[in-house]
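Chemist: Just need the whole structure built from these sequences, with the hints factored in.
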Amino acid sequence: MDEVLLRSLTPGVLTVLVRRGADFAAAEDAVQDALVEALRVWPADPPRDAKGWLVTVAWRKFLDATRADAARRRREDRVEEEPAPGPAPAVDDTLQLYFLCAHPSLTPASAVALTLRAVGGLTTRQIAQAYLVPEATMAQRISRAKRTVSGVRLDRPGDVATVLRVLYLVFNEGYSGDVDLAAEAIRLTRQLAAAVDHPEAAGLLALMLLHHARRAARTAPDGSLVPLAEQDRGRWDTRLIAEGVAILQAALARDRLGEFQAQAAIAALHADAPTAEETDWVQIVEWYDELTRLTDSPVVRLNRAVAVGEADGPRAGLAALAALDDSLPRHTAVAAYLHERDGDLATAARLYAEAAHKAPNLAERDHLMRQAARLNAR
Amino acid sequence: MAKYLLLKHYRGAPAPVNNVPMDRWTPEEISAHVQYMNDFAARLEKTGEFVDGQALAPEGMWVRYDGEGRPPVTDGPFAETKDLIAGWMIIDVDSHERAVQLAGELSAAPGAGGKPIHEWLEVRPFLACPPTITE
Chain H
1 MDEVLLRSLT PGVLTVLVRR GADFAAAEDA VQDALVEALR VWPADPPRDA
51 KGWLVTVAWR KFLDATRADA ARRRREDRVE EEPAPGPAPA VDDTLQLYFL
101 CAHPSLTPAS AVALTLRAVG GLTTRQIAQA YLVPEATMAQ RISRAKRTVS
151 GVRLDRPGDV ATVLRVLYLV FNEGYSGDVD LAAEAIRLTR QLAAAVDHPE
201 AAGLLALMLL HHARRAARTA PDGSLVPLAE QDRGRWDTRL IAEGVAILQA
251 ALARDRLGEF QAQAAIAALH ADAPTAEETD WVQIVEWYDE LTRLTDSPVV
301 RLNRAVAVGE ADGPRAGLAA LAALDDSLPR HTAVAAYLHE RDGDLATAAR
351 LYAEAAHKAP NLAERDHLMR QAARLNAR
Chain L
1001 MAKYLLLKHY RGAPAPVNNV PMDRWTPEEI SAHVQYMNDF AARLEKTGEF
1051 VDGQALAPEG MWVRYDGEGR PPVTDGPFAE TKDLIAGWMI IDVDSHERAV
1101 QLAGELSAAP GAGGKPIHEW LEVRPFLACP PTITE
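Residue numbers (my numbering), protein chains in the order written: chain H, 1 to 378; chain L, 1001 to 1135.
It is worth saying that the hints were derived from the structure and are not from the lab. Among the clues, some could well be false.
[Stated by the list, open to error] Per label pair, the in silico range of CB-to-CB distance:
1) H:313 x L:1100: 38 to 46 angstroms
2) H:2 x L:1133: 22 to 30 angstroms
3) L:1123 x H:56: 46 to 54 angstroms
4) H:232 x L:1105: 22 to 30 angstroms
5) H:232 x L:1095: 22 to 30 angstroms
6) H:232 x L:1069: 36 to 44 angstroms
7) H:239 x L:1012: 32 to 40 angstroms
8) H:60 x L:1123: 34 to 42 angstroms
9) L:1118 x H:147: 31 to 39 angstroms
10) H:313 x L:1096: 34 to 42 angstroms
By construction, the Cβ of each residue, glycine as well, lies at the ideal position given by its N, Cα and C atoms.
Modeler: Quick look at the structure:
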């Protein structure tokens, strides 16, 4: 059985239950129960109509859970025969689910967890594993999130930008356990981009595809990070790159630039270079200028300094870096790299070691420590 | 999301405000303290921020490899060890500010006289997983 196909039916089934009058929290629990049941039953006895099966089972689970007495049971059995039509949805139902699960009243962690469960159809256990927390903690996080949004009405459009922010987090953070979070983020973003007419949704999808294309080349067999310039470009997934570039070009043509489109444009320029030396750094700097204008983020300015270092030489990069707050994450690592390019190997070695101590994750720390060791051993 | 370790020390932390050792508390004060710690953990489970909490015995020893085919060498315990960890709680929170806030609340656990201990707790961030998008 194709588990991803099964999970892709989740939002549709959930919205049927909500439209029949189930409240969101109870409906979501019932759909989750039905998914677990499907995983158990389908391998031996696959249904002809997968979605119909899920709706029937989820609705039954919902009734089982809410039924309190025989009178109520009779009433609900009638509902089962004649589902309440409910108000005609003004906006696509799946889209409404995205808005609800990324509602601004939720913290980022809650929004991520709720999106993965209610839209993605992942189990609480899978989500807990992906974020390395106990299952009980994740279950509480999800039910609390559902309580938080319980009063939100599902009939008006929300802000696409908050949804995109949540999907970006799913793609960019989390451990790979049972579930491939990056692939899941791509699937959900693809589904969103199909449901909403928004160039930034397309921009985010392109960004994800272009980075996902490099996945095989990004880590060495021993698990260490391989920097972009040293990656074996023959291992990049050309099909994903072509798709990402096509989606990006269509989005850019609409002339409503946003930060995800600009980031995707940078990734596309890297993807376009047959070798690291042939990278069009001048154009990349121009895109960083656009990004700075759009976001004014210090992290973008830091990445821009790296690009300036490649386009105009390490001295220019160091000059750009000097204008930035040196307490920024990765500031020291960038300084180390630019000093090495400038030929000041002693300073570079010292800064690499210092950057290793400040690194926010193990893979980066090990990488920076190796750079320091490499220069110290020369 | 980020994980933080809240470390509690037997020795090695700066002196707390309410600096009466536990063996001078009343049994009721000890019960109140234990209850506060349990309630705190239970509350974090409810908010979906609890990962783990454990207490450690003060007695430990040093162990090291001593070569192929030989048993490990052990040494200690050393009564004079400066830094002695009593236990930890691991939390998974949205921000550094939230980690500091929770450590502050944990440090308010009651001690002698039922007053907050104002114990110093060490807050250490975990090394995270590397992000995918870096340029």
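Chemist: Quick check on a hinted range of 31 to 39 angstroms for residue 1118 of chain L and residue 147 of chain H, using CB atoms only.
Modeler: At 34 angstroms between Cβs, range holds.
Chemist: Holds or violated: the 22 to 30 angstroms window for the beta-carbon distance between residue 232 of chain H and residue 1105 of chain L?
Modeler: violated, 50 angstroms
Chemist: Indicate whether the distance between the beta carbons of residue 1123 of chain L and residue 56 of chain H respects the range 46 to 54 angstroms.
Modeler: holds, 50 angstroms
Chemist: Measuring from beta carbon to beta carbon, are residue 60 of chain H and residue 1123 of chain L in 34 to 42 angstroms?
Modeler: violated, 48 angstroms
Chemist: So the hint says 22 to 30 angstroms: do the beta-carbon atoms of residue 232 of chain H and residue 1095 of chain L match that?
Modeler: Violated - the Cβ-Cβ distance for residue 232 of chain H and residue 1095 of chain L, about 38 angstroms, lies outside 22 to 30 angstroms.
Chemist: Per the hint of 38 to 46 angstroms, is the separation of the Cβ atoms of residue 313 of chain H and residue 1100 of chain L within bounds?
Modeler: Because 42 angstroms falls inside the window, the suggested range holds.
Chemist: Could you tell me whether the CB distance from residue 239 of chain H to residue 1012 of chain L stays inside 32 to 40 angstroms?
Modeler: violated, 56 angstroms
Chemist: Could you check the hint for me, namely that residue 313 of chain H and residue 1096 of chain L are 34 to 42 angstroms apart, CB to CB?
Modeler: holds, 36 angstroms
Chemist: CB of residue 2 of chain H to CB of residue 1133 of chain L, is that within 22 to 30 angstroms?
Modeler: holds, 28 angstroms
Chemist: With 36 to 44 angstroms as the target window, see if residue 232 of chain H and residue 1069 of chain L comply at their CB atoms.
Modeler: Holds: the Cβ-Cβ distance is about 43 angstroms, inside 36 to 44 angstroms.
Hints 4, 5, 7, 8, counting from the list given before, are not met by this structure.
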